[in-house]
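Chains R and D, in that order, are what the protein sequence lines are.
Residue 118 in my numbering sits at position 130 of the first sequence, and the numbers go up by one each step.
Residue 188 in my numbering sits at position 170 of the second sequence, and the numbers go up by one each step.
Simulated from the structure, these hints should not be mistaken for laboratory data.
The reader is advised that the hints may include incorrect statements.
[Said to hold, decoys possible] Derived DEER-like restraints, expressed as beta-carbon distance ranges:
#, chain 1, residue 1, chain 2, residue 2, range
1, R, Gly322, D, Asp174, 36 to 42 Å
2, D, Gly182, R, Gly322, 35 to 41 Å
3, R, Thr167, D, His120, 45 to 51 Å
4, R, Ile100, D, Thr71, 49 to 55 Å
By construction, the Cβ of each residue, glycine as well, lies at the ideal position given by its N, Cα and C atoms.
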Amino acid sequence: MKVTVGWSHRRLADAVRAWLSLSILLALVCGTVPIWGNEYLMDTVTTFLIVSAMVVAWQTFMGNSGIVSFGHVAFFAVGAYLSAILTIPPEIKEVALPSLPPMFQQVQLGSIATVIAAATAGGVVAVAIGLAFTRMEGNAMGIATFALLVMMYSLILNWESVTRGGRGIYAVPCNVTLTSALIALVVVAGVALLFKASPTGLRLQASRDDPLAAQALGVHLMAVRLAGWVLSAIIMAAGGSLWAQTVLAFGPSSFYFRDTFNMLAMLIIGGQASVTGAVAGCALVTVISELFRYPERGMTIGFIQIPELPGLVHLVIALLIMGTLILRPSGLLGSRELTFPAWQWLRTLKKRRLI
Amino acid sequence: MQALSGVTLELSESTILGLIGPNGSGKTTLVNIITGVLRPDAGQVFVGDIDATGWRPDHICRLGVGRTFQIARLFGSLTVRENVEVGVMARPEVDVDDRVMHLLDRFSLTQWASTWVSDLPYGVERRLGIALALGIQPRFLLLDEPAAGLNEEESDQLLSMIRGIREDPEFRCGILIIDHDLRLIFRLCDSVHVLSEGKTIAEATPQEIRRNQAVIESYLGKRYEDEDAELR
Chain R
-11 MKVTVGWSHR RLADAVRAWL SLSILLALVC GTVPIWGNEY LMDTVTTFLI
39 VSAMVVAWQT FMGNSGIVSF GHVAFFAVGA YLSAILTIPP EIKEVALPSL
89 PPMFQQVQLG SIATVIAAAT AGGVVAVAIG LAFTRMEGNA MGIATFALLV
139 MMYSLILNWE SVTRGGRGIY AVPCNVTLTS ALIALVVVAG VALLFKASPT
189 GLRLQASRDD PLAAQALGVH LMAVRLAGWV LSAIIMAAGG SLWAQTVLAF
239 GPSSFYFRDT FNMLAMLIIG GQASVTGAVA GCALVTVISE LFRYPERGMT
289 IGFIQIPELP GLVHLVIALL IMGTLILRPS GLLGSRELTF PAWQWLRTLK
339 KRRLI
Chain D
19 MQALSGVTLE LSESTILGLI GPNGSGKTTL VNIITGVLRP DAGQVFVGDI
69 DATGWRPDHI CRLGVGRTFQ IARLFGSLTV RENVEVGVMA RPEVDVDDRV
119 MHLLDRFSLT QWASTWVSDL PYGVERRLGI ALALGIQPRF LLLDEPAAGL
169 NEEESDQLLS MIRGIREDPE FRCGILIIDH DLRLIFRLCD SVHVLSEGKT
219 IAEATPQEIR RNQAVIESYL GKRYEDEDAE LR
């Protein structure tokens, strides 16, 4: 069956298998969470799923293009702030954001419409910026994204009529559950794997390895980079929207170095070239963060008193990054995607005409 | 300093043209100009009737010009199959999987299909480079030192492969081949174009080029009084 001209059906089939494998694994793991009846665990896993979606978004551009982007948090911010504006009840906006344009003062959208609006806004901003950025050589573009991070932070901090500046946004309704976060990550992973398997994705990966050789095979560098950039931004902004509707209150500090560092760490540790790696990296960093949060705050184990150790979590994550880059530079999963052995058995049985 | 001056070269479909000359004579520079990697200060590049001077490499590729590089430029983080797919996908009207399998088979790469390019032996890399360029179904194929680093047996296999490409109705492309292996050039090419210090010093059949005094002098650095002297 021809799906579309120019696609490799083999790559498409591999992507579908990887997606199903990852989705089943996520569903199994998340399905056990409510059994524990622990609300903190539910919140942590919900946040993990949403942050994973954003790390996958980051991977969609960075992993396929090989261009390090420090500025993706800008799209996260676009999604988060726009969602706050679209979902906070009008009577609260009247007090908290009195200078908003009347159109935004009165509107209150549901979760899905908000996510779509946020994704669209992220895409529009990405096109505007990407048309300039993707003309640059790879390294120059990476540095330019750093400027994007700083610009967006400055904008958030100072555009008080829309963002409330340093005081932060509050009263965002909680519209996201564990189930909806799981569905979001499954959809995002599907889109990311589809892009990776697509002709555009493969051309972008080729440009990552050797831009000149890629051009010699007809690859339009700017076009493929722009495609990856915009898709990545759309997903990132959608993730920001879901995140805002989970944390319910946030400020500019969530969209600067700390979160950039955390999410990049997840991607580097898990494997930049792998969607499964992005999720695995997020899981590992989340677990480590939770484990070391207790000694970071100081604790007593028996008669041993551990003092407060501020920054311990970030120190451990930084050491993990260094260790990964030294011992396994391609990350835990490299460019491999999860695929259950069962798929290989099914393929073998089919080849032998046993099924 | 001029890398090239007054060089005119014409390649027809279904012919093999050799381009030789000492190191630094401008051979690769000429190929880079033709394929859009470098922009010439003067002169023009025509692909058929289309003036492609100064076009980007991907634009020129879409006109039907494929090339390999002096040092194999492959996509190291992709498998052999994926490398070939990149070229084949330039022609969206074809069935990608069928075409990829066909090219892998044609160039004896099937056993390496799932191997990472970074793990390939040198000779296989060279074959893969040619398979990549042919994936775009070029009208003109430019091979930049395809025999570099190959032993005599591998060089003979390469010669058969290139002859096969010219004779295969599937490809029918004009082939420009740069190489320092004069044995390969003289056995393979319909005609030979010789550069020295950025200028054309001869264009003729291989037999005539072997005996051309100017060519001999450019390679050996001195004139031979013996009229029977020839390049081998």
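Do the hints match the structure? See the list:
| no. | hint | verdict |
| --- | --- | --- |
| 1 | R:Gly322 / D:Asp174: 36 to 42 Å | 38 Å, holds |
| 2 | D:Gly182 / R:Gly322: 35 to 41 Å | 37 Å, holds |
| 3 | R:Thr167 / D:His120: 45 to 51 Å | 47 Å, holds |
| 4 | R:Ile100 / D:Thr71: 49 to 55 Å | 53 Å, holds |
When the structure is compared with the earlier hints, no violation turns up for any of them.
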